[in-house]
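Chains Y and E, in that order, are what the protein sequence lines are. Convert by adding 143 to the 1-based position in the first sequence; the result is the number in the working numbering. Quick note: the second sequence, position 200, residue 187 per the working numbering, numbers continuous.
What the hints contain is simulated information worked out from the structure, not anything from laboratory work. By construction, the Cβ of each residue, glycine as well, lies at the ideal position given by its N, Cα and C atoms. Take the hints with a grain of salt, since some may be wrong.
[As the list claims (entries may be wrong)] For lysine-lysine, the following DSS-like pairs were computed, each having C-alpha atoms within a straight-line distance of at most 27 Å:
{"hint": "1", "chain 1": "E", "residue 1": "Lys85", "chain 2": "E", "residue 2": "Lys230"}
{"hint": "2", "chain 1": "Y", "residue 1": "Lys380", "chain 2": "E", "residue 2": "Lys230"}
{"hint": "3", "chain 1": "Y", "residue 1": "Lys278", "chain 2": "Y", "residue 2": "Lys380"}
{"hint": "4", "chain 1": "E", "residue 1": "Lys85", "chain 2": "Y", "residue 2": "Lys278"}
{"hint": "5", "chain 1": "E", "residue 1": "Lys88", "chain 2": "E", "residue 2": "Lys187"}
[Unchecked claim] Quick look at which bits of chain Y chain E covers, simulated, 3 or more residues with Cβ under 8 Å:
{"hint": "6", "stretch": "225 to 232"}
{"hint": "7", "stretch": "337 to 344"}
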Amino acid sequence: MIGQSRSRTVVAHLVMIVGILIVAFPIYYTFVASTLTLREILRPPLPLLPGGEFFHNYYAALFGGIGRIGGVGVDRLLINSTIMALGIAVGKIAISILSAYAIVFFRFPLRMFFFWTIFITLMLPVEVRILPTYKVMVDLNLIDTYTGLILPLIASATATLLFRQFFMTIPAELLEAARVDGAGPWRFFKDILLPLSRTNIAALFVILFIYGWTQYLWPLLVTNSNDMNTIVIGLRKMISFADADTEWHLVMVTCMLAILPPVLVVVLMQRWFVRGLVETEK
Amino acid sequence: MTARGTFPHRLLPYLLLAPQLAITLVFFYWPAAQALYQSLLREDPFGLKSRFVGLANFRRVLSEPSYLNSLEVTVIFSVATAVSAMAIALLLATMADKIVKGRGLYRTLMIWPYAVAPAIAGMLWLFLFNPTMGTFAYMLRSTGYNWDPLLNGNQAMVLIIAAAAWKQISYNFLFFVAGLQSIPRTLIEAAAIDGAGETKRFWTIVFPLLAPITFFLLVINTTYAFFDTFGIIHAVTGGGPGKATETLVYKVYNDGFVNLQLGSSAAQSVILMIIVIALTAVQFRYVEKRVHYG
């Protein structure tokens, strides 16, 4: 290690602190706003420290029956987002691990063709096929359903690639040993492969949960009725009716509630998150 | 690829692949094929009949001033977003690399905006900078600056770039930190012994060694700016004022889903597909050099 002068270390700390302040400030200020009264919010500049309405505002938004978007409570929106994010994360992991298992541990005609079929979906994000996909959704009666929110998003080239890469590092002897001991494909998968994949699954879960929670275009397309909106879409609807009557203090609370779950997942599962991020994007 | 043990089943692998393949066929390939097919057709105004028009839709789209405008908007937006998000992240990562005590805490504090949805990132910035109640808008105006992103296209652009870049800093930060840690200390020490100062060491050793990761992040950030920022634009500016912030993806959505111009929207979809294919190809060419499949 090169000797580093004290002043340089201090500068490094200072820059980091400024950086973190910039990164954290928009969220912090929204939190501050969520603890103020409507009158205070409408009279900028806002104070730098939280006000005294924390319990009142959060209670009103969650249980008070106000702060509703088209008659739908915040709790419903949070439940929708949770179902969608969990469904996508679990669904993607499940079908990807099965596909990777087939591709790595079996030999069958058209194996590589199927692999490329899955791989190429990377190049077909929703954004490039909005209208025809919408039409498929209408034809299959999937508009305004949880299935519609989840199912079309669970195909995953990246997760399949990740599992494939991991499975290929598993020594062939392990499989041979399992077969000698009489383990069939299901047994091998359940008792050997799944336990070995635990860390990969955890890492992917964090990334995919956030992916699901932060979706925007897809829920915008496939939900019409207010009670199927995710919290992000619901929030957008709250601010788009921005006129004198908008209850901004409750909008701010909703905003915090929309941010909190994925942030908690990231912070609490940080180790898996960093790992998952670096591995899935390789 | 080395030979490896396998199970001798005939039917089972197809069953394992079935769910994934079914979803990709129904929700990816079929709609994509439809988009390709539609892009060659033109429908009559009632949507009753359509006829084959070859590449006419493409010719029309590419000569439309509003399309060229949105192309320009997309390029400006993407370059500005990618460059500013990466520059800030690199600066912070180099600083974090020098810190021994408290490094973990800094990392934790840096990464959480990753979990904020782009649309919400946009709303947070709109809340700070909207002309009626934003605190920063208020401050800007009290200095005499005429700040109104709802009327001024350039200011609207600055606002969505700030929101989009802000959201991406934490992601880039993590990758740069990982990249910096993989640079051998001996190289830097050797340069220090030869008398190179810190700035010189950064530009002649550290930065060139980070080139692969910088390039990788450039591709990822461009893809992000092209596709994942739809939420920011939809929530903050709605493509306006005028068409000042209408990116290609926003325009595809607006023309197809809102204005129902099928042929034009399909042609735009196909052009976007080509862009994604190019970006993915670049990304994987780079990956191939780094990752070794066993």
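Original post:
Would you say the stretch 225 to 232 of chain Y counts as covered by chain E, given the rule of at least 3 residues with C-beta under 8 Å?
Top reply: Since three or more residues must qualify, the claim that chain E covers the stretch 225 to 232 of chain Y is violated, with 0 doing so at under 8 Å.
**OP:** Below or equal to 27 Å on CA atoms is what counts here, so check Lys85(E) against Lys278(Y).
**Re:** Given that 27 Å is the threshold and the Cα spacing comes to 54 Å, the pair is violated.
Original post:
Quick one, are Lys88(E) and Lys187(E) close enough, alpha carbons at most 27 Å?
Top reply: holds (25 Å)
Original post:
Taking 27 Å as the top limit, are the C-alpha atoms of Lys85(E) and Lys230(E) close enough?
Top reply: violated (45 Å)
Subject >> Per-stretch coverage check for the stretch 337 to 344 of chain Y, three Cβ contacts closer than 8 Å to chain E >> reply: With 0 residues close enough to chain E, the hint is violated.
Subject >> Given hint Lys380(Y) paired with Lys278(Y) - CA-CA distance at most 27 Å >> reply: holds (24 Å)
**OP:** Would you check the hint for Lys380(Y) and Lys230(E), treating anything up to 27 Å between C-alpha atoms as holding?
**Re:** holds (21 Å)
When the structure is compared with the earlier hints, violations turn up for hints 1, 4, 6, 7 and for no others.
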